[in-house]
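Student: One-letter residues, chain by chain:
2 protein chains.
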Amino acid sequence: MARPTPLSGFPEWLPDDRAVEQHLLDSLRRTFELHGFTGIETRAVEPLDQLLRKGETSKEVYVLRRLQADPESGEDGGDKQLGLHFDLTVPFARYVLENAGRLAFPFKRYQIQKVWRGERPQEGRFREFVQADIDVVGAGDLPYHYEVELPLVMAEALGALREIGVPQVRVLVNNRKVAEGFYRGLGLEDVEGVLRQVDKLDKIGPDAVSGLLQAECGATPEQAKACLELAGISGPDASVIDRVRALAASYGVGTELLETGLAELGALIGAAARRAPGIVVADLKIARGLDYYTGSVYETVLVGHEELGSICSGGRYDTLATDGKNTYPGVGLSIGVSRLVSRLLAAGLVRATRGTPSAVVVAVTSEETRDASDAVATALRARGIPVEVAPTAAKFGKQIKYADRRGIPFVWFPGGADDDGTPRADQVKDIRSGDQADADAASWEPPAQDWWPRVVPAGE
Amino acid sequence: MARPTPLSGFPEWLPDDRAVEQHLLDSLRRTFELHGFTGIETRAVEPLDQLLRKGETSKEVYVLRRLQADPESGEDGGDKQLGLHFDLTVPFARYVLENAGRLAFPFKRYQIQKVWRGERPQEGRFREFVQADIDVVGAGDLPYHYEVELPLVMAEALGALREIGVPQVRVLVNNRKVAEGFYRGLGLEDVEGVLRQVDKLDKIGPDAVSGLLQAECGATPEQAKACLELAGISGPDASVIDRVRALAASYGVGTELLETGLAELGALIGAAARRAPGIVVADLKIARGLDYYTGSVYETVLVGHEELGSICSGGRYDTLATDGKNTYPGVGLSIGVSRLVSRLLAAGLVRATRGTPSAVVVAVTSEETRDASDAVATALRARGIPVEVAPTAAKFGKQIKYADRRGIPFVWFPGGADDDGTPRADQVKDIRSGDQADADAASWEPPAQDWWPRVVPAGE
Numbered sequence: 001m002a003r004p005t006p007l008s009g010f011p012e013w014l015p016d017d018r019a020v021e022q023h024l025l026d027s028l029r030r031t032f033e034l035h036g037f038t039g040i041e042t043r044a045v046e047p048l049d050q051l052l053r054k055g056e057t058s059k060e061v062y063v064l065r066r067l068q069a070d071p072e073s074g075e076d077g078g079d080k081q082l083g084l085h086f087d088l089t090v091p092f093a094r095y096v097l098e099n100a101g102r103l104a105f106p107f108k109r110y111q112i113q114k115v116w117r118g119e120r121p122q123e124g125r126f127r128e129f130v131q132a133d134i135d136v137v138g139a140g141d142l143p144y145h146y147e148v149e150l151p152l153v154m155a156e157a158l159g160a161l162r163e164i165g166v167p168q169v170r171v172l173v174n175n176r177k178v179a180e181g182f183y184r185g186l187g188l189e190d191v192e193g194v195l196r197q198v199d200k201l202d203k204i205g206p207d208a209v210s211g212l213l214q215a216e217c218g219a220t221p222e223q224a225k226a227c228l229e230l231a232g233i234s235g236p237d238a239s240v241i242d243r244v245r246a247l248a249a250s251y252g253v254g255t256e257l258l259e260t261g262l263a264e265l266g267a268l269i270g271a272a273a274r275r276a277p278g279i280v281v282a283d284l285k286i287a288r289g290l291d292y293y294t295g296s297v298y299e300t301v302l303v304g305h306e307e308l309g310s311i312c313s314g315g316r317y318d319t320l321a322t323d324g325k326n327t328y329p330g331v332g333l334s335i336g337v338s339r340l341v342s343r344l345l346a347a348g349l350v351r352a353t354r355g356t357p358s359a360v361v362v363a364v365t366s367e368e369t370r371d372a373s374d375a376v377a378t379a380l381r382a383r384g385i386p387v388e389v390a391p392t393a394a395k396f397g398k399q400i401k402y403a404d405r406r407g408i409p410f411v412w413f414p415g416g417a418d419d420d421g422t423p424r425a426d427q428v429k430d431i432r433s434g435d436q437a438d439a440d441a442a443s444w445e446p447p448a449q450d451w452w453p454r455v456v457p458a459g460e
Numbered sequence: 001m002a003r004p005t006p007l008s009g010f011p012e013w014l015p016d017d018r019a020v021e022q023h024l025l026d027s028l029r030r031t032f033e034l035h036g037f038t039g040i041e042t043r044a045v046e047p048l049d050q051l052l053r054k055g056e057t058s059k060e061v062y063v064l065r066r067l068q069a070d071p072e073s074g075e076d077g078g079d080k081q082l083g084l085h086f087d088l089t090v091p092f093a094r095y096v097l098e099n100a101g102r103l104a105f106p107f108k109r110y111q112i113q114k115v116w117r118g119e120r121p122q123e124g125r126f127r128e129f130v131q132a133d134i135d136v137v138g139a140g141d142l143p144y145h146y147e148v149e150l151p152l153v154m155a156e157a158l159g160a161l162r163e164i165g166v167p168q169v170r171v172l173v174n175n176r177k178v179a180e181g182f183y184r185g186l187g188l189e190d191v192e193g194v195l196r197q198v199d200k201l202d203k204i205g206p207d208a209v210s211g212l213l214q215a216e217c218g219a220t221p222e223q224a225k226a227c228l229e230l231a232g233i234s235g236p237d238a239s240v241i242d243r244v245r246a247l248a249a250s251y252g253v254g255t256e257l258l259e260t261g262l263a264e265l266g267a268l269i270g271a272a273a274r275r276a277p278g279i280v281v282a283d284l285k286i287a288r289g290l291d292y293y294t295g296s297v298y299e300t301v302l303v304g305h306e307e308l309g310s311i312c313s314g315g316r317y318d319t320l321a322t323d324g325k326n327t328y329p330g331v332g333l334s335i336g337v338s339r340l341v342s343r344l345l346a347a348g349l350v351r352a353t354r355g356t357p358s359a360v361v362v363a364v365t366s367e368e369t370r371d372a373s374d375a376v377a378t379a380l381r382a383r384g385i386p387v388e389v390a391p392t393a394a395k396f397g398k399q400i401k402y403a404d405r406r407g408i409p410f411v412w413f414p415g416g417a418d419d420d421g422t423p424r425a426d427q428v429k430d431i432r433s434g435d436q437a438d439a440d441a442a443s444w445e446p447p448a449q450d451w452w453p454r455v456v457p458a459g460e
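If you're matching them up, the sequences are chains Z and V in order.
Here the numbering used here is used: the first residue of the first sequence is 1, the next is one more, and so on.
Here the numbering used here is used: the first residue of the second sequence is 1, the next is one more, and so on.
Honestly, the hints are just simulated from the structure, not real lab data.
Do not rely on the hints blindly, as some may be mistaken.
Which copy is meant is left open, so a pair is good if it fits within one copy or across any two.
Below, computed lysine-lysine pairings styled on BS3-like, alpha-carbon distance capped at 27 Å [to be verified]:
#: 1; residue 1: Lys225; residue 2: Lys203
#: 2; residue 1: Lys200; residue 2: Lys225
#: 3; residue 1: Lys200; residue 2: Lys401
#: 4; residue 1: Lys114; residue 2: Lys225
#: 5; residue 1: Lys114; residue 2: Lys80
#: 6; residue 1: Lys203; residue 2: Lys401
#: 7; residue 1: Lys200; residue 2: Lys398
#: 8; residue 1: Lys325; residue 2: Lys203
#: 9; residue 1: Lys325; residue 2: Lys80
#: 10; residue 1: Lys325; residue 2: Lys114
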């Protein structure tokens, strides 16, 4: 077997970098749980027909086939065709429908799993990546205040990472009802088409979007101009609402849907300004490509890394989960964890203090006395200290190097006994300072900052 | 969309059951980290040719295809054919080779991930399931003592679950060198074939195995009888070694390989008896189907649930990871977490005290004062207490029911103010006892056992 090479689009981390990712995941989970979100996981596969309900993403799906299956003979006849999920929202909607009778609504869940997209890999785009989602779903209805709460939970979850060097986040919000009400008021009926074109604004610029609106969505130059003016409005406070209203008036637009949307958007901005000042900004160009959003939509950028695009997106959806009789409206956001970790590492913003859990290596004096070293390790572990025992009874210098290569701060030397059997005290050495002192495995503790690996800003 | 139905072989847990699984995973991770194992993850896919190196498992692989890929046009031409990994050992071996220059050896890692097998689902067999693996891999060589250490780490990891009601485990050990040395001494050359037949002993019984040894492996009735006699030897102490030696002598078998294997097996039994009395048992019928094992092999059963089969298996492998120039021998074990969780739940052995993280629901007096309830929740969360706010300002009875349905023990009532503006004290109610008392969000704490959901023996 020749030395294998990485697969493009399938990131893997070395131990130190995995420690960074694991810290992020632990931290996100803690925030989600503090807010009462229940953790679930769904299977990695869904029936292909369910994955293809959203036409736009069909090209990204990985389809599964059992290697030994023979489609001709119908061996897999009883099985539906399966594909890997490309997000966690579609599987969650299916989970809610499947288990509706056994869940308590509104149901708040978080879900941290890998997803797969068969895209051509490119900078910041992966074929396999981790998402961390929160959603709340109601049975029949879902109060509006969750559309305020969920982006704030995500802002708090991401904000908790600032202590390790993650930049501040800015949550950009919009409301589908505003856009749809405005477009319809202008006389544009292909709302989804317009949204799809406006969604390209950052990538291709206003002139190209204007051209597409006219070519693809039947807009007049005047209508295209109005759409771009709406998309140009943004700001952190209620004055945004007034500017949208003034723009609408100047084009003679006044729909009930627009007013509903503006009321909701205003409430979101107002509540966010009270509860998390300076984090949430209204940005009328936020469209989100997916057509299942029906109210608030969200994107989140790292301040100073805006070109990375959104690292946490989502919105309100009213009809994603319905079994014909009952509908389960929801609102949720999804963090692209792999993209975030990848950027943090590439930009050298964060680091783990070590890649291995051990705080201590217990040295081995000779293979005959390995049991004594194992006993020290057992005593330390019993008090929650992560420890390993040296691999061989090499010279102590080599055993210290074993610890040093792994960033393990302490080496423990069992004292053994004098020739007359008198026991000698064990000693522990801080290999960074060289300090060495007598120690008792029944009571010694490492300093708190050395106990477990930590993730810190890269400069520390 | 009609109500979806489960996919056979792809287990999913409701929130309460997921809490049990999550607790298991957290507990395993903690034990692994206390022993200095570094956490890594590998991608879900491997090139198909790598997955098929072990012929026996080829039938179980799921192959991926991009939905829009056109094999005729060669659109995927640059891509290798990919399959989902069916275990974590093969990907780990590849990871070690790929990153050998950037890892410190011996490299101890744990890995907890899903794996996929395209098998026909049946009782206790899943198509998607979670494995929790530990392995240690050396560069060039790996000391024998790791073959003692690793099963003891697993025994400790599983033993730590006894407090939640998981039955005691028994680790069954054998050594490939004993079996191979004995078979070769008998004159049987198809060692892998014999191992594969002996591996079926528990399923089909000794008569059938004897028949297969004669029909498939060219054994004489006498040779088959000797293989079955060896497989019949088991016991917790060194007397097992003597019995094997006596059996070998009675058939005139005496090979160097057998003696090496017996010395290793004896050392393992001896060390295990000192360090974890009563857990490890030598069992000469343990064969393990996979042909890459070269030394110790392990299986683990739940005492009282032996018919479930092994929940944690593995062994020593010398040549799994080699790039032609360098070889990386290893030893490891893998817990079948999904099978274990499934059995614990089906047998009613364990339960979560609640399925949602929240310890407290803060009631909402009216939608106008929701901000006051949010402020209470924020104050409690700031001290690490998991809290949610009621979904609507319904009658308090309904809000208490909201908590009760989720097993949340406390409901918090914001005091608000009298008509003259005098603030009233908040109150918190233990909805199990009905006790209600004044409380201050800046200092109140739930009892420790109510703070987070716990996983306990089902009877508690």
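Student: Now tell me, hint by hint, if it's right for this structure.
Tutor: How the hints compare with the structure:
1. Lys225 - Lys203: Classified as within; 18 Å inside a copy, 75 Å across copies.
2. Lys200 - Lys225: within (15 Å within a copy, 75 Å between copies)
3. Lys200 - Lys401: neither (54 Å within a copy, 47 Å between copies)
4. Lys114 - Lys225: Neither: 41 Å inside a chain and 50 Å across chains, both beyond 27 Å.
5. Lys114 - Lys80: The answer is both: 22 Å in one copy and 21 Å across copies each meet 27 Å.
6. Lys203 - Lys401: neither (51 Å within a copy, 50 Å between copies)
7. Lys200 - Lys398: neither (58 Å within a copy, 46 Å between copies)
8. Lys325 - Lys203: neither (41 Å within a copy, 48 Å between copies)
9. Lys325 - Lys80: within (24 Å within a copy, 45 Å between copies)
10. Lys325 - Lys114: Close neither inside one copy (32 Å) nor across copies (35 Å); limit 27 Å.
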